[in-house]
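Asks: Residue numbers (the working numbering), protein chains in the order written: chain P, 33 to 147; chain C, 46 to 157.
If you're looking for bench data, these hints aren't it; they were derived computationally from the structure.
Mixed in with the good hints there might be a few duds.
[What the hints assert, rightly or not] Calculated pairs, DSS-like style, for lysine-lysine (alpha carbon to alpha carbon, straight line, at most 30 Å):
hint: 1; chain 1: C; residue 1: K114; chain 2: P; residue 2: K100
hint: 2; chain 1: C; residue 1: K156; chain 2: P; residue 2: K110
hint: 3; chain 1: C; residue 1: K114; chain 2: C; residue 2: K144
hint: 4; chain 1: C; residue 1: K156; chain 2: C; residue 2: K67
hint: 5; chain 1: C; residue 1: K144; chain 2: C; residue 2: K67
hint: 6; chain 1: C; residue 1: K94; chain 2: C; residue 2: K67
hint: 7; chain 1: C; residue 1: K122; chain 2: P; residue 2: K56
hint: 8; chain 1: C; residue 1: K94; chain 2: C; residue 2: K122
hint: 9; chain 1: P; residue 1: K56; chain 2: C; residue 2: K114
hint: 10; chain 1: P; residue 1: K56; chain 2: P; residue 2: K100
hint: 11; chain 1: C; residue 1: K144; chain 2: C; residue 2: K156
hint: 12; chain 1: C; residue 1: K67; chain 2: C; residue 2: K114
[Said to hold, decoys possible] Stretches of chain C that chain P covers, calculated by requiring three or more beta carbons in the stretch to come under 8 Å of a beta carbon on chain P:
hint: 13; region: 61-70
hint: 14; region: 144-156
The C-beta atom is built at its ideal place from N, Cα and C for all residues, glycine as well.
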Amino acid sequence: DAGVIQSPRHEVTEMGQEVTLRCKPISGHDYLFWYRQTMMRGLELLIYFNNNVPIDDSGMPEDRFSAKMPNASFSTLKIQPSEPRDSAVYFCASSSGGARIGELFFGEGSRLTVL
Amino acid sequence: AQSVAQPEDQVNVAEGNPLTVKCTYSVSGNPYLFWYVQYPNRGLQFLLKYITGDNLVKGSYGFEAEFNKSQTSFHLKKPSALVSDSALYFCAVRARGFKTIFGAGTRLFVKA
Chain P
33 DAGVIQSPRH
43 EVTEMGQEVT
53 LRCKPISGHD
63 YLFWYRQTMM
73 RGLELLIYFN
83 NNVPIDDSGM
93 PEDRFSAKMP
103 NASFSTLKIQ
113 PSEPRDSAVY
123 FCASSSGGAR
133 IGELFFGEGS
143 RLTVL
Chain C
46 AQSVAQPEDQ
56 VNVAEGNPLT
66 VKCTYSVSGN
76 PYLFWYVQYP
86 NRGLQFLLKY
96 ITGDNLVKGS
106 YGFEAEFNKS
116 QTSFHLKKPS
126 ALVSDSALYF
136 CAVRARGFKT
146 IFGAGTRLFV
156 KA
């Protein structure tokens, strides 16, 4: 299995620009999570989906952030407009039930720098 | 609301010595508890979990963790540390639904 695939791995952009981060979960996983990691705030859960439906978006910092999951194999996290304080590593993770219930499989992350 | 506390920012141990990384949690209902490890510039990797049953859980790379309901703790342990165990360790809790919350992380440094 290829694991969770995130793109881009690195993104440098200027304040005010739109940023789109992409995630392909592990095939067959029905939960998808977006986390943000910073030194100051640690790992924050932004939003998670079940069967492509957003279940809890209470961690999304503000209206500039939006996430979609149009199908079981693709999700996006969009920031528009971006600000320097959005600089962080954004992780996507997927999960399923069965014997490995609750275990999250993380991608390698997308490191975002907003200048 | 659920929460996880890792009281130590960093743990230092000598290679070959036992190690403990502490974690306490707060959650309503029966928790699912997890430990993950993160190496530099990588995503988190699952180490072990407690859902129910035996309070001592064994996981990857020789790690184990002990669930203590009365103390609401889930400390990570290893009998003999390796230099290659040096990494960032996260405790996590899942309560209702699939919402998984992570602690702040503890950096483990194993000295040769």
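Asks: Hint by hint, say whether it matches the structure.
Replies: Quick rundown of the hints versus the structure:
Under the criterion of a C-alpha separation no larger than 30 Å, the hint pairing K114/C with K100/P is inconsistent with the structure, at around 38 Å. Among the hinted pairs, K156/C with K110/P is inconsistent with the structure: their alpha-carbon atoms are about 42 Å apart, more than 30 Å. For the proposed pair K114/C and K144/C, the alpha carbon gap of about 20 Å is at most 30 Å, so the pair holds. A threshold of 30 Å between alpha carbons decides the hint, and for K156/C with K67/C the separation of about 19 Å falls inside it, so the pair holds.
Only pairs whose Cα atoms come within 30 Å are accepted, and K144/C paired with K67/C is accepted, the gap being roughly 22 Å. For the suggested pair K94/C and K67/C, the alpha carbons sit about 15 Å apart, so the restraint of at most 30 Å is met. Using a Cα cut-off of 30 Å, the hinted pair K122/C and K56/P is violated, with the two alpha carbons roughly 33 Å apart. Distance check on the hinted pair: K94/C and K122/C sit about 13 Å apart at the alpha-carbon level, within 30 Å; holds.
With a CA separation close to 37 Å, the supplied pair K56/P and K114/C exceeds the 30 Å bound. A C-alpha spacing of about 12 Å is found between K56/P and K100/P, which places the hinted pair at or below 30 Å, so the restraint holds. Taking the CA atoms of K144/C and K156/C, the gap is near 36 Å; set against the 30 Å cutoff, the hint is violated. Simply put, K67/C and K114/C have alpha-carbon atoms about 14 Å apart, close enough for the 30 Å limit, and the pair holds.
With 0 residues carrying a beta carbon less than 8 Å from a beta carbon of chain P, the region 61-70 of chain C misses the three-residue requirement, and the given coverage is violated. For the region 144-156 of chain C, the stated coverage by chain P holds: 7 residues have a C-beta nearer than 8 Å to a C-beta of that chain, and at least 3 were required.
Violation of the numbered hints given earlier is confined to hints 1, 2, 7, 9, 11, 13; the remaining hints are satisfied by the structure.
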